[in-house]
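Asks: Chains Y, S and H with the ligands: place on chain U using the hints.
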Amino acid sequence: MSVATTAQAPAAPARKKRRSPAMWLLIVAAVIAVISLVRIVTGTHELDSPGSLTAAITATCPILLAALGGLWAERAGVVNIGLEGQMILGTWGAAYFTYWYDPYTGIIGAIALGAVGGLIHAIATVSFGVNHIVSGVAINLIGLGLASFLAEAFFADLNSEHGRGGPRQLTGLAKPDTITIPGFSDWMADLAAKHWFFISDVASLLAALSTNLSVVTILVFVLLIATVWILWHTSFGLRLRSCGENPHAAESLGINVYRYKYAAVIASGAFAGLGGGFLALVSSSGYSEGQTNGRGYIGLAAMIFGNWRPGGILLGSGMFGYTDSLRLRDASTVHALLLLVAIALAVYAVVQWRQGARTTAMVVAGGAALFLLWFALTDEVPRDFTSMTPYVLTLLVLAFASQRLRMPKADGLVYRKGSVG
Amino acid sequence: MAATPAGEASSHRPLAIQVRGVTKRFPGVVANHDVDLDIAEGTVHALIGENGAGKSTLMKILYGVQKADEGTISVNGQEVSFSSPTEAIKAGIGMVFQHFMLADNLTVLENVVLGAEKLHGIGPAARAEIQRISDAYGFALDPDELVEHLGVGQRQRVEILKVLYRGAKIVILDEPTAVLVPQEVDALFANLRELRASGHTMLFISHKLDEVRAIADDITVLRRGTTVGTADPKTATKRELAELMVGAELPSPETEESTVTTDVQLSMVDVNLVDDFGRNLLSGINLTIHRGEVLGLAGVEGNGQDELLETLIGIRRGTGSITVGGVEVSSYSTRRRREAGMGFIPADRHRHGLLLDAPLWENRILGHQTTAPSVTGPLVNRRGAKADTQRIVDLYDVRTPSINTPARALSGGNQQKLIIGREMSGDPVLLIAAHPTRGVDVGAQAAIWGHIKRARREGLAVLLVSADLDELIGLSDRIKVILRGEIVGDFDPRNVTPQDLGQAMTGGKGD
Amino acid sequence: MPVVKRLLAAVIAPVMALVAAVLITSVVISVSGTSPVDFWQAMLEKPSNRSLVNIVNQSSMIFMSAVAAAIGFRMNLFNIGVEGQYRVASYVAAVFAGAAFVSGWLNVVLSLLLAMLAGAAWAAIPAILRVTRGVSEVISTIMLNSIAVFGVGWLLSNYGEKAGDGRRTTPISDDSLLAGWQPFERTDGKIWSLTVLAVLVGVTYWFVVNRTRFGFDLRATGQSETAAVASGISVKRMIVISMMLSGATAGLIWLPSLFAETASGHYFSSSTFQVQLGFTGIAVALLGRNKAVGMVFGALLFAYLSVQASALEFAGLDVSKNVVMVIQGVVVLTIVISYEVVGRWRTAAEQRAVTAALQSPSKQEVPA
Amino acid sequence: GCGKNDDDSNDSKGSGSNNSASAGTEDVCKTADGDGPKVALAYDVGGRGDQSFNDAAYAGVAKAVGEFDVTCFEGEAATGEAESVREERLRGMAEQGFSPIIGVGFAYSESVNAVAPDYPDTAFAVVDGFDPDEEANPNVAYLGFAEHEGSFLVGAAAALKTEKDHIGFVGGVHNDLIKKFEAGYVAGAKAVNPKIKVDVTYIEESDVKGFADPAGGKAAATAMYDKGADIVFHAAGGSGTGVFEAATAAGAGNWAIGVDSDQYLTAPANQQKQILTSMLKRVDVATLDMIRSVADGTPLSSYQTYDLKVDGVGYSTSGGFVDDITGDLDEWATKIKGGEITVPTAP
Ligand SMILES: Nc1ncnc2c1ncn2[C@@H]1O[C@H](COP(=O)(O)OP(=O)(O)OP(=O)(O)O)[C@@H](O)[C@H]1O
Ligand SMILES: Nc1ncnc2c1ncn2[C@@H]1O[C@H](COP(=O)(O)OP(=O)(O)OP(=O)(O)O)[C@@H](O)[C@H]1O
Ligand SMILES: [Mg+2]
Ligand SMILES: [Mg+2]
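Residue numbers (our numbering), protein chains in the order written: chain U, 14 to 434; chain Y, 170 to 680; chain S, 11 to 378; chain H, 2 to 348.
Hints were generated in silico from the structure; no laboratory data involved. You may find that some hints are simply not true.
To be verified - When the alpha-carbon atoms are kept at most 20 angstroms apart in a straight line, the in silico PhoX-like pairs for lysine-lysine are as follows:
(1) H:K336 with H:K191
(2) U:K188 with H:K274
(3) Y:K407 with Y:K377
(4) H:K310 with H:K338
(5) U:K207 with H:K228
(6) H:K338 with H:K191
(7) Y:K403 with Y:K377
(8) H:K228 with H:K162
(9) Y:K236 with U:K430
To be verified - Computed spacing ranges between beta-carbons, pair by pair:
(10) H:K310 with S:L28: 55 to 61 angstroms
(11) U:L386 with S:V351: 56 to 62 angstroms
(12) S:V209 with U:A382: 47 to 53 angstroms
(13) H:D177 with U:F398: 19 to 25 angstroms
(14) S:R221 with U:F234: 56 to 62 angstroms
(15) H:N194 with U:K207: 28 to 34 angstroms
(16) Y:V429 with S:R221: 40 to 46 angstroms
(17) Y:R301 with U:T247: 21 to 27 angstroms
This one's a predicted model, so the numbers in the text were calculated from it and none came from an experiment. Ideal Cβ placement from N, Cα and C applies to all residues, glycine included.
Just chain U, with the same shape it has in the complex (with noise of 0.2 angstroms):
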């Protein structure tokens, strides 16, 4: 058989090579210890404070769900920028039946809402193979318009203990519980105040875990790991990552591609949907229109920016978060964070070169030397950019990173029942 080996296209990618536990250890290690560094030298202790981490932590969540969505639905194959419309529609879910239930019926309504607004899509690109872009276009329209007509239908005379109503807002719901580990997260926090090079810097992160961490929160990450799970090590997954990367050999094997895709855009929707319940009970405690602000697409970003894997959806969700809660802390840890961008750039500048790209190296060594001069030549980075940030680090780091991308074969490709072989 060796004969036939010997056809071996030329052109293979190198396979990735896997980094084991212990060295993932060392990196999240190297990378506190960095932060603790820029901490200590600019002296800005907001930069990972309790506070800023809970905050940070709390803007995440939402671009989190919203590039949860966005994943499950491209590995079926189907792309979804519908998500800020489901997003709007799981803000509106979550505080009527809020209003008139409770927060855990609020946190179901959000889900609903947006599986509804995945339903629409699904039924759209699925069964009648309209193109994902344009079906996603319209549902945003849809959900805008859906959210704040139905808010101005059945919110403006609401008015009670239960809440507030308005055309545009209901505002006062009752929130989700939070959990705080007593004791530890006070000592935690003291600890963390200390600001000692490192120790402080974990301390900080254990507490903004243990102080009035809302369980949405909490059932967001256990949803990253199910997310992990199912799609990575069950077969349900391994089908609906079939549908996505080549749906004509699923259906050769029995699969009911529709079947996959639809249950992928559904609960693709349903992520965004909570994703906004999450904006609406444990961000702030209420439906405002427009509090989404765009953070669906941002989700969407993510989701590209870590290559259709959680990991890197965390990773970028992450980022986003991060900046987006720091600039509303204080500005002067904006510019801290220059000096954490140039090490940043750096390393990958660093990485890249090792990996022979020399060209991308000095590229990225250029960016590093440019925030470095920044840094030091300012000492306040104008508050209309840090605005900006969340957006414009969106257009850098795909610049610099969308070569190395894999998305799914099929992704946004129309698939039609019966048309194997």
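Replies: Okay, now just chains Y, S and H with the ligands, sitting in the frame of chain U:
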């Protein structure tokens, strides 16, 4: 021999599959009409017929991908009616499709267990089972390898593995040899024989009659959607089978007296091409083609012939020098190269040759956007383009109701005829042709060969890539063999056999 | 296939879609407790003269926005960034026109050109990212929309002139304002002069796409990038050019309003600048299947909906105007779906035609 | 002095309760059928029920129904609607004989300016509005407010109440209007305690989304409480609810200050006990004033500023958390009224 009435299979064994009066209609097309088929258990049964005779359709029906409109199918004596492959698989039928059905970004294991997770899960048990089968038949497959890293032959074995993994006793193979070189074909046949020995029944489709006679126990012939008879591979000759298939003599290209001239039309000097990962796709390619010469290029799919053609036409950018008629064109864009008289018949007509949803006359313009009669200055010349399209349709016998029909609606062969007509018009000086008759039925095949020869007589230089070695030998004045992006052999078609070529193509000894 | 059938196919899809849309919205409305009948009566009652004028003015802007989007769509470029492009361009044009470097119509012409340049430049960013770095234009344009909002807002609040508690660009001097045409009473308003831009843009779009080599390349690239490459089209070049054309067209969107004497506020400010036109344009492009004529109808429909919406409150209906957005979204969805359905039916018919043709001559080849 | 201030707070309660009523089902404009002036309110996006600005305007009309038995009509802008649609709304009102026609929100400045000349006999008013061009409009009144003066008082209140000499300000959008709030607030605080530390954050620089981002408001305020501030004043419209939440989350001893209307009255119970006071922007007073002028046959026109002198701005006492310092605050108030202090309008 005359066609024995369908149904009397030459085997006394019990029937694994019995098809009676199956009819399948597509919008307007009758793909299968009153088809009868008997397949004896533990035999290799060959199904032959020209393109579009309805072979794949019949197979898809057997495998539950499509549903028959009329007729009955019984498996091992049981009458069945599958509405999805799942049911066919349950009934012990497996199918290897005409085009690979693999997810590149999944591992061999994932591809195999997909849909059959119930059997051994998706973990170690499954891996062990795959290993077992792979060893049993000498497939030499690593379960955790990504499929995208596999070669054609290996992918085919993954396909077979998928079938066996599901414990199928009846295996359908739709044109499995189309993409294989003789050596790989032999290997495949070895596997099939082992399978037969272990009691499997195989239904085997091919256009290559020698292969059929080499492997099959029985042969059934399909013509225009219906069974026209069965034959015994031991006694039937190629010619007889051909007559059964098309009711006509099977043509094969005959080289006439050479028309090769001395003036060089194309010369490639030390052309190299690397991919994004820095690996060599083409290394040190040197070749020249004279006016009136056809240079054949033989190679296993994926060894750089597509890249070579694409570099020539300018879709890919390599290093080194390319001159056409003495003019250095390596700096030219694809458009300028076409303007310089290079015609291009791509390997994949759907991806590179046609705008499937555009009418034929717009497809005539494609690739000739800058030259009359398609355009005048910056404007599209609709009248001119339509007139010329009509000319092509008539001259090349493209079967279509009108030149306003979208290309998608045409059959593969007719699409191919249109492309060839288009690339021949505007008298090119150099034709770069990949598989000009792939998927084309015998009638059209002969016609296309005719056109190429005529143009060659008029001084056209042709670079011909084809997986059909007979075609290659029949048409070419010289044959070069390409392996892993390098030219490894140089043959004279007058004294070379497909086997020699196959050996060179797979890294056996050169000339 | 027969012409009759073709025509039928052409009209059947939109009709199906509109019916579906009406039904769905009626459900939504009745959910909110308003009677759909009353609603549609209010929406469908004959528009006042003034409304007619507004519909014309609005649709001119929406139409140009649709064309801008369609240029990209025609070659599978999803330029979601029209919104940002016309914001940037409008600001630039307003600043230039306000500065009055030149006076009279010359000021107008130069501003138009400048707006097109600005729009093209802003659109060039995603184009270049796409061809050099392979960044999906969908994401990049979405990001650039937000960046445009911040960027322009920042410029305005730092360099704009104070007006009440807001900021604005310097108002355009009267000699550069265009009178427009007055079809009815004076109080019924005027049709803005620059609505002619929409006509020009429409005609040019139709001609370039259907009659020129460039247009052919554009459509070819849209239908099959691979085939386009093989045919000698430089796809990268096409992407950059068409993206910039799209941006240039987007640059014009708001200018009819800016230079219209009768429009309120001849400057760029948070209240005078009309947002959302970019997204409306995308919807209309989808609605009109990127065909010039189709988009004309689409633009008129959307303009009609948004103008008539203001009739709702005088009709004393207690229904949110945002329902218009719902209708628009639903229409887009139902339109594309019904076109899909009709499309399948048509392909089948074409294949039938083909095989009919295939059958007849091939018959005698089969020995009896 | 004090008495004045009391019924001021009563008023604010009154307007507040009207607010809550307005958010409820009853709706005076559906029932009112007097033969007084025909008042039309053109709200900006959101309309009645926004728990501040628009509700205050409505409250003014509601009072007018009693005082001048007016009939009224309400119109409302849609998200991202065209200028022409706003004009259409105003013209529609004018042609149905409404006068005064009150555009609530400065977004109506241009459209009123365009429409008013065509209806010389109709009285128009724009809350927070301005005349965008040279030609003055004799039949338009621009109802402006001295937000900085009101903010000064709550700033002083904060300075008097804080226990950490550290307070904060959260602005919705970093524009000139909101800067007025900041300037007054800081000035007031410094006037009381020059060494006081005031954190200032704006949710958005220029994007009006900053007024509809409760999450942002919460994040910004939380940061301030984390960093040791114990009182935060917000001028962030809808994002304000986030600020109140942050206060509640920060726990007792931390306060928030509301804006525009008496937000103590509209806040949910759990937040009420931490809303120190609210900077009142008496749109209701202005509206009522406009209606009165029309009823008297002498419609207001050109710029009208509602400052401390005319109770156009002030602070609320609901909850009684500032009862102990009303004395001091009124002294500041009199100083401002008397011109001893001129409050800056920009930071
Ligand atoms: N999905 C389909 N829709 C419509 N017609 C079809 C479809 N699939 C096949 N046909 C028709 O059925 C005929 C038989 O097609 P089929 O693929 O079975 O031919 P074949 O014998 O496999 O040809 P080839 O040797 O080229 O594979 C075709 O000629 C075509 O006309
Ligand atoms: N997957 C498909 N979907 C729809 N129609 C199809 C499909 N495959 C084939 N057809 C139709 O079947 C007809 C012939 O297609 P096909 O290429 O299978 O025929 P063919 O006999 O193999 O042609 P040729 O022998 O010339 O290659 C065409 O009219 C085509 O429209
Ligand atoms: Mg075929
Ligand atoms: Mg076949």
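Asks: Evaluate each hint against the coordinates.
Replies: Right, here's what the structure says about each hint:
1. H:K336 with H:K191: Roughly 15 angstroms separates the two Cα atoms, so the pair holds.
2. U:K188 with H:K274: Answer holds: U:K188 to H:K274 is near 18 angstroms, not above 20 angstroms.
3. Y:K407 with Y:K377: 9 angstroms, holds
4. H:K310 with H:K338: 6 angstroms, holds
5. U:K207 with H:K228: 15 angstroms, holds
6. H:K338 with H:K191: Between H:K338 and H:K191 the Cα gap is close to 19 angstroms, so the pair holds against 20 angstroms.
7. Y:K403 with Y:K377: 16 angstroms, holds
8. H:K228 with H:K162: 18 angstroms, holds
9. Y:K236 with U:K430: 13 angstroms, holds
10. H:K310 with S:L28: 55 to 61 angstroms: 59 angstroms, holds
11. U:L386 with S:V351: 56 to 62 angstroms: Given range 56 to 62 angstroms: holds, Cβ gap about 59 angstroms.
12. S:V209 with U:A382: 47 to 53 angstroms: 52 angstroms, holds
13. H:D177 with U:F398: 19 to 25 angstroms: 21 angstroms, holds
14. S:R221 with U:F234: 56 to 62 angstroms: Given a distance of about 58 angstroms, which is inside 56 to 62 angstroms, the answer is holds.
15. H:N194 with U:K207: 28 to 34 angstroms: 31 angstroms, holds
16. Y:V429 with S:R221: 40 to 46 angstroms: Holds, at about 45 angstroms.
17. Y:R301 with U:T247: 21 to 27 angstroms: 24 angstroms, holds
In this structure, none of the earlier numbered hints is contradicted; all agree with it.
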